[in-house]
Amino acid sequence: MNRKSVIMLVILAAFLAIPLVDSNQYHIYMLDRALLNAMIASGLVALTGLAGQMSLGHAAFYGIGAYASAIVTKTFGVPVIVGVISAAVLCLVIGMLLSIPSFKLSGFYLSLVTISFGNIVWTVIVNWYSLTGGSLGLLGIQPIRIAGRAITRTEFFYLAAAVLALIYFVTTRMARSYIGRGLRAVRDDEMAAETAGIDTKRLKLLVFSLSAIYAGIAGALYAHLSTFLSPESFVQAESANFVAMSVVGGIRHMLGGTIGGLAVTMIPEMLRVKGWEIYYLMGSSLAILVLVIMLPNGLAPSFEKFIDRLAGIDRKSGKRQVK
Amino acid sequence: MIRRRLIIGILAVALLSVTFVASAAATFKIALVAPFTGSGSILGEYIKNALVLAVDEINAAGGVKGRKIEYVIYDDAASPATALNVVNKAILNDQVDAMFGPNMSSCVLAVNQIAKDNKVPMLVGATSPSFGYDMIGNDYLFRLRADDEVKVVNLVKYAVEVLKLKKPAIIHGSTDYCVVAKNVAVDSFKKYGINTVAIEQVKEGDKDAAGQLLKIKQANPDMLIGLTHEPEAAVVIKQFRSFGFGNVTVLGFTAWGVPAFTDLAGSAADGVISVQGFTPEYKDAKVQEFVAKYKAKWNSMPSDPAQAYYDGVYLLKSVVEKVGFNRTDIMKGLTQVKNFPGVQGSLTCDAKHNFTNFSLISKYKGGVWDIITAIF
Amino acid sequence: MLSIWIQNAVSGVAIGLLYGLIGLGVVLFFQTTNLLNFAHISSAMLGAYLCYMFNVTLHLPFVLAMVLAIILVACYGLLLKRFVYEPLAKREGGRLEFIIATMMLSVFLLNAVIVLWGGVPKPFPNVFGDPAKPLIIGSVAIQTHSLWVLGYVTVFVIALQSFFTKTMTGKSLRAVAQNQGAARLMGIDVEKMLTISFMLSTGITALAGILLAPAYFVSLDLGGGIIGIKGFAAAVVGRMNKPYVALLGGVLIGLAENFVVLYASSVYRDVITFAFLILFLVVRKKAEV
Chain R
1 MNRKSVIMLV ILAAFLAIPL VDSNQYHIYM LDRALLNAMI ASGLVALTGL
51 AGQMSLGHAA FYGIGAYASA IVTKTFGVPV IVGVISAAVL CLVIGMLLSI
101 PSFKLSGFYL SLVTISFGNI VWTVIVNWYS LTGGSLGLLG IQPIRIAGRA
151 ITRTEFFYLA AAVLALIYFV TTRMARSYIG RGLRAVRDDE MAAETAGIDT
201 KRLKLLVFSL SAIYAGIAGA LYAHLSTFLS PESFVQAESA NFVAMSVVGG
251 IRHMLGGTIG GLAVTMIPEM LRVKGWEIYY LMGSSLAILV LVIMLPNGLA
301 PSFEKFIDRL AGIDRKSGKR QVK
Chain B
1 MIRRRLIIGI LAVALLSVTF VASAAATFKI ALVAPFTGSG SILGEYIKNA
51 LVLAVDEINA AGGVKGRKIE YVIYDDAASP ATALNVVNKA ILNDQVDAMF
101 GPNMSSCVLA VNQIAKDNKV PMLVGATSPS FGYDMIGNDY LFRLRADDEV
151 KVVNLVKYAV EVLKLKKPAI IHGSTDYCVV AKNVAVDSFK KYGINTVAIE
201 QVKEGDKDAA GQLLKIKQAN PDMLIGLTHE PEAAVVIKQF RSFGFGNVTV
251 LGFTAWGVPA FTDLAGSAAD GVISVQGFTP EYKDAKVQEF VAKYKAKWNS
301 MPSDPAQAYY DGVYLLKSVV EKVGFNRTDI MKGLTQVKNF PGVQGSLTCD
351 AKHNFTNFSL ISKYKGGVWD IITAIF
Chain Y
1 MLSIWIQNAV SGVAIGLLYG LIGLGVVLFF QTTNLLNFAH ISSAMLGAYL
51 CYMFNVTLHL PFVLAMVLAI ILVACYGLLL KRFVYEPLAK REGGRLEFII
101 ATMMLSVFLL NAVIVLWGGV PKPFPNVFGD PAKPLIIGSV AIQTHSLWVL
151 GYVTVFVIAL QSFFTKTMTG KSLRAVAQNQ GAARLMGIDV EKMLTISFML
201 STGITALAGI LLAPAYFVSL DLGGGIIGIK GFAAAVVGRM NKPYVALLGG
251 VLIGLAENFV VLYASSVYRD VITFAFLILF LVVRKKAEV
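Residue numbers (the numbering used here), protein chains in the order written: chain R, 1 to 323; chain B, 1 to 376; chain Y, 1 to 289.
Treat the hints loosely; a few may be bogus.
[To be verified] With a straight-line cut-off of 25 Å between C-alpha atoms, the simulated DMTMM-like cross-links for lysine to aspartate or glutamate are:
hint, chain 1, residue 1, chain 2, residue 2
1, Y, LYS90, R, GLU155
2, R, LYS74, B, GLU321
3, B, LYS293, B, ASP187
4, B, LYS116, R, ASP189
5, Y, LYS133, B, ASP222
6, Y, LYS133, B, ASP270
7, B, LYS116, R, ASP22
8, Y, LYS122, B, ASP263
9, R, LYS274, B, ASP222
10, Y, LYS122, B, ASP284
11, R, LYS274, B, ASP56
12, R, LYS74, B, ASP134
13, Y, LYS122, B, ASP56
14, B, LYS363, Y, ASP189
15, B, LYS119, R, ASP189
Don't read these hints as lab results, they were simulated from the structure. As the structure is a computational prediction, the values presented were derived from the model and not from experiment.
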């Protein structure tokens with residue numbers, strides 16, 4: 001084991017120890033939220049960073065996942081895990097459908113399709129009263145249970161961290177496999193990739209549904225964390241926020257989603273200073289704006305560089321970046 | 001490189017400032033959660049001003065049982081998810097003794113569980129019947145304003161019994177505030193054996209209701225019931241006037257009775273009948289006293305729901321003075337409130353944990369609200 | 001029945017022109033920079049608020065207030081270029097980074113406006129005609145404001161078209177958009193051209209904002225609402241390169257919305273309009289973006 005992995009493990013361990021040393025339940029709740037956001041941002045890193053497809057509508061999958069799991073567990077009284085799985089399956093199917101426009105469109109046109117998709121899903125959630133409760137919200141969603149009691153926020157933290165680790169593992173494995181190489185080829189030059197015999201449609205289908213599943217799982221977990229859902233949580237601005245997370249974290253870096261999700265969830269909360277309530281969104285959007293401008297490659301590459309320096313690795317010789 | 005270090009430095013300072021929790025001894029700590037940004041930001045300012053006014057008055061007079069009231073204010077951006085974040089912060093991080101707001105019903109539903117679990121009394125100005133004590137049974141949740149159901153029922157009653165109108169058309173928004181009102185209105189008309197001839201939706205942020213109004217026109221109604229927020233109300237009434245509806249009476253919900261609406265609508269608002277939770281024009285000594293104080297401090301006029309939060313702070317003060325600082329005792333004390341003199345008349349906690357049914361039915365004429373009846 | 005149909009169409013065109021007005025600015029910016037500014041609509045909001053401040057709060061004459069507002073917003077365009085575009089271009093930040101940066105910028109500006117002017121919408125002075133006294137032709141009401149918009153838009157589209165095809169600056173701008181390197185080799189001052197296009201697009205959108213204000217009020221809906229997306233949609237229908245088609249695109253969207261409400265459902269209006277938009281994008285032949 002080299003020094004770099006040791007340092008990484010120490011940082012990971014320190015992060016995982018936060019709920020054990022910090023008993024402030026508000027902090028832990030925000031960490032829970034941050035981990036869920038990191039899942040969605042990780043999906044966007046795969047979608048945009050790897051495959052070059054853009055989505056400004058992922059709040060829709062987040063919402064579909066949340067409502068699907070909530071409704072399934074509420075109606076049929078099944079355990080939460082069944083709800084989460086059904087949310088993932090539904091998002092898989094809808095993600096596949098959304099990938100169809102991407103066969104033909106890219107860039108701005110595709111982002112407009114995803115914005116439209118997000119708006120459609122939102123309007124349906126708001127107005128389908130019998131199913132979603134509409135703007136009145138969906139009340140009384142069961143929390144996740146262990147041994148007959150609702151889990152604590154600390155336990156939820158470890159659950160979410162485990163799910164995120166799984167997501168990270170799957171994405172990294174995929175990025176390093178032939179699929180990842182194919183996706184990068186699609187990103188860099190779609191025409192060339194097609195000429196080289198790569199089935200670009202299948203790859204797009206795969207990466208769209210994968211990122212949809214991530215968002216769906218995050219949504220399902222959110223539903224059981226908050227036990228109440230209402231459509232305001234799934235508006236267009238949320239989609240933009242998710243993309244901001246992936247960009248702030250580093251769209252071309254495997255850790256980008258995780259770091260961005262944590263940073264963009266925590267930074268605004270840190271700016272909730274007394275007497276500043278009307279400046280808080282100004283401050284947080286400015287902070288993210290500055291981060292994007294100063295570090296267009298995101299926090300993750302800088303983070304890695306920092307660790308490399310700690311480990312004494314010379315960047316110039318030991319260059320190994322996902323590009 | 002230097003720039004990057006600067007950013008990291010700033011972030012580090014931000015982190016530290018969060019872990020630093022101010023600890024002052026022996027204050028009575030309350031939180032206000034209200035929308036200051038986002039779609040509901042119209043109301044945040046009124047709410048904050050009224051609450052700060054009441055707190056400053058009480059502190060200047062020596063506080064509550066010898067303790068000063070300390071407050072924290074958070075923005076919920078009119079979003080339940082954000083409301084949940086900030087209420088978590090208020091209750092678990094700031095450890096407040098009581099909480100005012102959120103002011104939006106879906107935000108109240110999102111956060112009521114955590115207030116209940118941590119036994120923090122919540123006094124809210126949200127008005128949907130969806131979170132009444134009969135619906136969700138939260139002992140710690142109290143409502144400072146009249147329930148929307150009561151207001152809509154009274155509006156319908158006035159339209160049918162006094163104005164003798166028979167063919168209602170409804171135009172409503174898409175938020176819970178509008179949708180609940182719509183459902184109540186349709187049901188109340190049914191109780192009179194009246195069917196609503198047209199129901200149309202105009203979405204928040206839309207600036208064109210031509211399609212909806214023309215569809216309503218085809219149904220040939222004799223009254224238009226407006227159940228939207230303020231900007232959409234102004235859009236609807238302006239277009240309504242230009243389409244030549246003839247002799248159709250316009251009756252609007254609370255958002256149709258505040259300056260945010262009449263300022264935008266201008267002369268088009270003339271003749272609108274609205275049910276209001278509050279109007280500074282109401283000639284009542286308590287109301288006028290509140291209006292004068294508010295104007296002196298903020299140099300602007302109060303609007304609904306300012307009065308509710310002003311009442312709320314004094315209500316809480318009186319209960320604390322009676323039962324002490326224990327939060328469960330405060331909750332029990334709040335349920336026993338009887339005939340407390342407030343800006344909204346005499347406040348009594350009813351079975352639904354509502355303190356008041358106070359509302360007014362008024363008609364807008366030549367730039368002022370002409371109060372027709374006051375309902376208690 | 002016929003009069004209702006015509007009235008609906010007239011109202012649809014009126015609101016559609018406003019979408020097109022925003023779409024025009026999108027097309028203009030895209031044509032000259034090949035970029036998308038998601039804070040585009042914020043320029044409209046700033047224009048309306050500044051004009052309101054100069055005219056109503058500071059009692060300046062309306063025309064002066066309008067000119068001042070447009071100049072200030074054009075200066076903001078300069079800042080946008082200097083502090084957002086240039087650092088990103090220097091560090092090879094891609095289009096995605098620009099999109100996210102401008103999205104955050106629009107959140108920032110929206111909240112800056114809340115801090116400065118509060119969240120309550122303000123009525124705009126009736127300089128474009130009293131909405132309570134529309135023009136009545138037969139039984140159809142037409143807002144005088146709509147006629148102003150129509151007039152402005154017609155003049156503007158013609159001017160823009162000849163600016164791009166007839167003047168040297170216009171041609172240079174297009175050349176820069178197509179290929180910056182080649183344009184530089186041809187002796188075009190690329191930096192200057194970019195500055196012009198940033199100032200032009202923000203200034204023109206500020207004017208659009210002032211024209212929108214009688215319908216949208218001086219409100220946050222100008223800077224954060226759905227109109228920004230509908231402006232983009234109008235631009236897309238115009239294929240991002242033809243200003244007058246963008247205008248038609250806006251009108252088309254406005255008409256579609258109003259007739260969906262009249263003949264289908266006001267509740268699911270947006271579902272139908274957006275579904276049409278997706279269908280439109282997918283079905284038509286491949287785009288060059």
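Which of the numbered hints above does this structure break?
1, 2, 3, 4, 9, 10, 13, 14 and 15
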